[in-house]
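Each chain, written out:
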Amino acid sequence: MMLTRAAPRIAVVVFPGTWSERDFAHVAGSVLGWDATMVWHAETDLGGADAVVLPGGFAHGDHLRTGAIARFSPIMAAVRAFADAGGPVIGSCNGFQVLCEAGLLPGALVRNDHLQFRCDWQHLRVAADGGAWLGGLAAGEVLRLPISHGEGRYVADEATLDELEASGRVVLRYADAGGFVTDAANPNGSLRGIAGIVNPARNVLGLMPHPERAAEAEVGGTDGLRIFRSLDRWLSEQPAGAERRL
Amino acid sequence: MRWLAEVHVSLRPGIADPEGQTIAGGLRSLGFASVSQVRSGKLLRITFEADDSTTAEASVAEMCRQLLANPVIEVATWELRADAMLDEDEALP
Chain L
585 MMLTRAAPRI
595 AVVVFPGTWS
605 ERDFAHVAGS
615 VLGWDATMVW
625 HAETDLGGAD
635 AVVLPGGFAH
645 GDHLRTGAIA
655 RFSPIMAAVR
665 AFADAGGPVI
675 GSCNGFQVLC
685 EAGLLPGALV
695 RNDHLQFRCD
705 WQHLRVAADG
715 GAWLGGLAAG
725 EVLRLPISHG
735 EGRYVADEAT
745 LDELEASGRV
755 VLRYADAGGF
765 VTDAANPNGS
775 LRGIAGIVNP
785 ARNVLGLMPH
795 PERAAEAEVG
805 GTDGLRIFRS
815 LDRWLSEQPA
825 GAERRL
Chain W
20 MRWLAEVHVS
30 LRPGIADPEG
40 QTIAGGLRSL
50 GFASVSQVRS
60 GKLLRITFEA
70 DDSTTAEASV
80 AEMCRQLLAN
90 PVIEVATWEL
100 RADAMLDEDE
110 ALP
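So the sequence lines, in the order shown, correspond to chains L and W.
The working numbering numbers the first residue of the first sequence as 585 and each following residue consecutively.
The working numbering numbers the first residue of the second sequence as 20 and each following residue consecutively.
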């Protein structure tokens, strides 16, 4: 007897002003053959998804602060419940900013220290086991992913930064091609070179880079696929029936 | 009665303010050599109804706590005035 597993079902949340939802849906749906569904921010149900994506963009125009208004979108109650129940949630770029404003991750993302918008390829050092989204990668590995942001400088108070590091929740740092975390390799002035963090249960990942923009060789790289494949592996390891817990 | 709250949201001391630093540099390059620091922020003028000043104060504090300022990076201060005390050209439509 051969057991087959249904393709992962991914809910991609779309706020007014989100711009990376189609890239995420393209990678999940067309590149990987998964089931990707767009979920408008005014909805209240994630439709039984296995994983949730908060994509990049400028949700609600980034007015007041990045992510400040998106946090109150109706769908966020469902995202919070899904995350609290252990469901995998990834927030990339603006999605990371939304997760911080919503309190699902600590800290905040502020204006890049040089005030410029940065759109470039960036090396990242995997700094710790990343749970649901980075579990297939080993600490010390180097990824190359695009960044595209004006407000990506991660800040938190010293106690929070210490706690994040001590608990291995800083999972991605800006690095050079050799994997060295240096000030020169830091594209936005993020404290301690932080590019991505996870929550204590390691099912919620926030990162400034764009894995969905590095999933086909034609666009310059495929390291982003490794994050999607880590999720696939994580989902396959969950006890039967646990995946569609909501 | 109607109230006007002028809420000032600024970055916490210790949070780098590259916009303020850039503006300070601009002022110095214009010849204002004595400028030592600029801190940027935003001003929000909020008109709303409340029965009395205590209620109005409490409302503004709650607006700041829930939305207007992110306590990780920002602090909010405000001035509150009853609508009748507004100057003619300050009164909002």
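Simulated from the structure, these hints should not be mistaken for laboratory data.
Being a predicted model, the structure only gives us computed values, none of them experimental.
Incorrect hints may have been included.
Facing chain W, a subset of chain L residues (Cβ under 8 Å, in silico) [unchecked claim]:
| id | residue |
| --- | --- |
| 1 | Leu688 |
| 2 | Val739 |
| 3 | Ala740 |
Derived coverage of chain W by chain L (criterion: at least 3 residues anywhere in the stretch with Cβ under 8 Å from a Cβ of chain L; other residues may be distant) [said to hold, decoys possible]:
| id | segment |
| --- | --- |
| 4 | 30-39 |
| 5 | 66-74 |
Cβ atoms here follow ideal geometry from the backbone N, Cα and C, with glycine treated the same way.
Verification of the supplied hints:
| no. | hint | result |
| --- | --- | --- |
| 1 | Leu688 | 13 Å, violated |
| 2 | Val739 | 6 Å, holds |
| 3 | Ala740 | 7 Å, holds |
| 4 | 30-39 | holds (count 5) |
| 5 | 66-74 | violated (count 0) |
Hint violations for this structure: numbers 1, 5, all remaining hints satisfied.
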